[in-house]
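Participant: If you read the protein sequences in the order shown, they are chains A and B. When we follow numbering that gives the first Met the number 0, the leftmost residue of the first sequence carries the number 0, and every step to the right adds one. When we follow numbering that gives the first Met the number 0, the leftmost residue of the second sequence carries the number 0, and every step to the right adds one.
By construction, these hints were calculated from the structure, which means they are not laboratory data. Heads up, a few of these hints could be off.
Just so you know, same-sequence chains aren't split out, so a pair can sit in one copy or run between any two.
Claimed, not checked - Listed next, the in silico DSSO-like pairs over lysine-lysine satisfying Cα-Cα at most 30 Å (straight line):
#1 LYS397 with LYS134
#2 LYS244 with LYS343
#3 LYS398 with LYS137
#4 LYS190 with LYS343
#5 LYS134 with LYS14
#6 LYS215 with LYS10
#7 LYS194 with LYS5
#8 LYS294 with LYS31
#9 LYS31 with LYS141
Number of protein chains: 2
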Amino acid sequence: MQEIIKPLIQKNNTKIIFAVLDGLGGFPVDGKTELETAATPHMDALARISACGLHTPVGPGITPGSGPGHLALFGYDPVACQIGRGVLEALGLGMEVRKTDITVRCNYATIRDGVIVDRRAGRIPTAQSKKVTAKLQKAIAKIDNVHVLIAPGMEHRFAVRFRFPEKLPHDAADIPDTDPQREGLAPLPPKARSKNAERVVGILHQFLAQAADVLKNEEKANFLLMRGFSGMPDIPMFGEAYGLKALAIATYPMYRGLARLIDMEAPIIEGGLSDQLLFLKKNWENYDFFFLHVKKIDSYGEDGNFAEKTARIEEFDAVLPEILGMNPDVLVITGDHSTPAAMKGHSWHPVPVLIKGPYVYGGFCNSFTERQCHGGELGVFPSIHIMPIALANALRLKKFGA
Amino acid sequence: MQEIIKPLIQKNNTKIIFAVLDGLGGFPVDGKTELETAATPHMDALARISACGLHTPVGPGITPGSGPGHLALFGYDPVACQIGRGVLEALGLGMEVRKTDITVRCNYATIRDGVIVDRRAGRIPTAQSKKVTAKLQKAIAKIDNVHVLIAPGMEHRFAVRFRFPEKLPHDAADIPDTDPQREGLAPLPPKARSKNAERVVGILHQFLAQAADVLKNEEKANFLLMRGFSGMPDIPMFGEAYGLKALAIATYPMYRGLARLIDMEAPIIEGGLSDQLLFLKKNWENYDFFFLHVKKIDSYGEDGNFAEKTARIEEFDAVLPEILGMNPDVLVITGDHSTPAAMKGHSWHPVPVLIKGPYVYGGFCNSFTERQCHGGELGVFPSIHIMPIALANALRLKKFGA
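The shape of chain A in the complex, shown without the other chains (with noise of 0.2 Å):
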């Protein structure tokens, strides 16, 4: 789809905003699902004048994770274009991350000997975590050639880039997570499954035992598990697939990553939703689209939470007017994947979705809910076909053919 859009791009000075409620999609509790319970005055008026449907992220019946349901929104294959655990976790920590990178997800554990007592280490406080790594990062700053870097995140969790001197293969990053995934059982050993990743687990034997080295005498972090080794993909870059200036408006760190990896700017902001309106305003001149993601409905989906699902969409609702006054040339309001409450995670339903511009015809759905979608002109559908169809709105697509 991209290769058959790059040659048809045209810019001009159309905005668009893409507002990614994340875990959107729900199912019905007592016959009605978090969307048609909650008020939503201003996206039901939107949706009746605009194009509705919904999505598949990657397929009928397939639960998506994060990075492939906000891949596809942004209209990368997200099975042809995998991103591996390590990567996203480095970018939503801020970190820069090339082709010459292997990075991965960490925990801080405790082992007795030699024996995994606690995954976690107890949930070690944030402040304490970042003092820690901060020692190992101290200590441990290149072996060999390959610089490493050590990124603290939340509690016990962290990642680490090893910066290698050349461009590494594409199954460099092909050995198995360490984490066995229980307590009472020795941590695994790094091993290769691939002929080019045997030189990646020569400098991680040397890194692990290093870390233990020097965590050794902390009471609980005294040792760490690790987790999703990747490398960065070779997917085309957004802006230049899309010849859009991207900005990404996000809260957390995995949707900065996320928005990085392809290359949109993604500056570290905190706070809420008004927060990320103040922004969006700020910056409004300087970019082409806007990534909007709010996060909390999510949240509240995975802890099986409907009521609060139901009123952080509700909250969302509140301030459409505010974007809506942005006049924005193409609004898209979808979510990356469906989070049911009923289910407490992800799942495969199809997400609503609803896109605002000046072509679509509209008049097709009462309210913005899943149901409704369903019978809206978009149908049910692939998602990476949304950014085509924002595009096309935004007049951003020439003729295909003569």
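Use these hints to put chain B onto chain A, whose structure you have.
Facilitator: Just chain B, lined up with the frame of chain A:
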């Protein structure tokens, strides 16, 4: 798709009429599209008993040109089968094109002191252009062992076919336009972008030098600009692919050209819709498949003339009883793309289609409009699915697998 179908083809005596109302799909003005505004009692009655839907020729958000639009209708993947403008133009002007030919669209232009002062030579009258072209053809019939055929088009337009003695490699036409697209610049010399194009470019240099000499004393048409170098694409022929003897009934060169490209018979016919129907009746016994191309609906869409586009849709509706009177086994009514008067050009909006056949459900739509077709039994689907559905209704496809 064609590969799956080919072994399933069976012949019988059924007849299929495939009416392409060029640029049929529209966009609402004051709440109603052209089709919604037009009084089309016959199409509406048909829609109630037909399989209806909306088709996307290339993909969601992608605005198709006429070439890809038609190829998709005929079941050819328009991305895999990209046809050069030169070939389309040559075929449209009645030239036969083979795999040993390179074709190109040309404009007569006016140059002074080596600089283009008019890219269209004052849009010289067609009669005048014919005379100049005859002179050119007389002077240049052969260059080395390459036969040169030159055909006049409308006003300043013409096409040239270079027939080489041998089959040309696929990239032999990889040559940029010599038309710099702006006045005040010099024409660009032909340049080979691939090794295989060098042989062609050698001939082009000689052609241009000889042509410049022939034209030098013309007042306006004293030079020529070349665009859209292309060779014959390597695609299956329609008759072979589907086991159908096909007749194109098209009054415009471009659409006859498209038909000839896939080896449909496409005799030159002139006049309006009634002449086309007369021609259809006269040839009824001799063909299985009739591609009836109706141009004016698109033309008025391109002009932004909502009322006239609507009137031309009504004009077609008025002759529909005559078409039904032929008792085709399958009748398809659709467009090759949308051309909303509101947008004065092609657009990406899915195109309404109606398939009347003995084995469609019907009962989904009240009238033949974009919004009604949305709820039709075909839904929104890729255009390349139309041919198999038409063939199936004509009982021309055997079972797949045992």
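Participant: Indicate, hint by hint, whether the structure satisfies it.
Facilitator: Against the structure, the hints:
1. In this homomeric assembly, LYS397 and LYS134 never come within 30 Å of each other (Cα to Cα): the closest approach is 55 Å inside a single copy and 38 Å across copies.
2. Taking CA atoms no more than 30 Å apart as the test, LYS244 paired with LYS343 passes between copies only; the shortest distance there is 28 Å, against 36 Å inside one copy.
3. When the C-alpha separation of LYS398 and LYS137 is checked against a cutoff of 30 Å, the pair qualifies neither within a copy, at 56 Å, nor between copies, at 38 Å.
4. In the homo-oligomer, the alpha carbons of LYS190 and LYS343 never lie at most 30 Å apart, since the shortest distance is 34 Å inside one protomer and 62 Å across protomers.
5. Neither within a single protomer nor between protomers do LYS134 and LYS14 lie at most 30 Å apart by alpha-carbon distance, with minima of 45 Å and 54 Å respectively.
6. Within a single copy, LYS215 and LYS10 get their C-alpha atoms no closer than 57 Å, and across copies no closer than 40 Å, so neither meets the 30 Å cut-off.
7. With identical chains, the CA atoms of LYS194 and LYS5 are at most 30 Å apart between copies only, with a shortest distance of 25 Å across copies and 36 Å within one.
8. Taking the closest pair of Cα atoms, LYS294 and LYS31 come within 30 Å of each other only inside a single copy of the chain (22 Å); across copies the shortest separation is 39 Å, beyond that limit.
9. For the identical chains of this complex, LYS31 and LYS141 are neighbours neither inside a copy (56 Å) nor across copies (68 Å), given an alpha-carbon limit of 30 Å.
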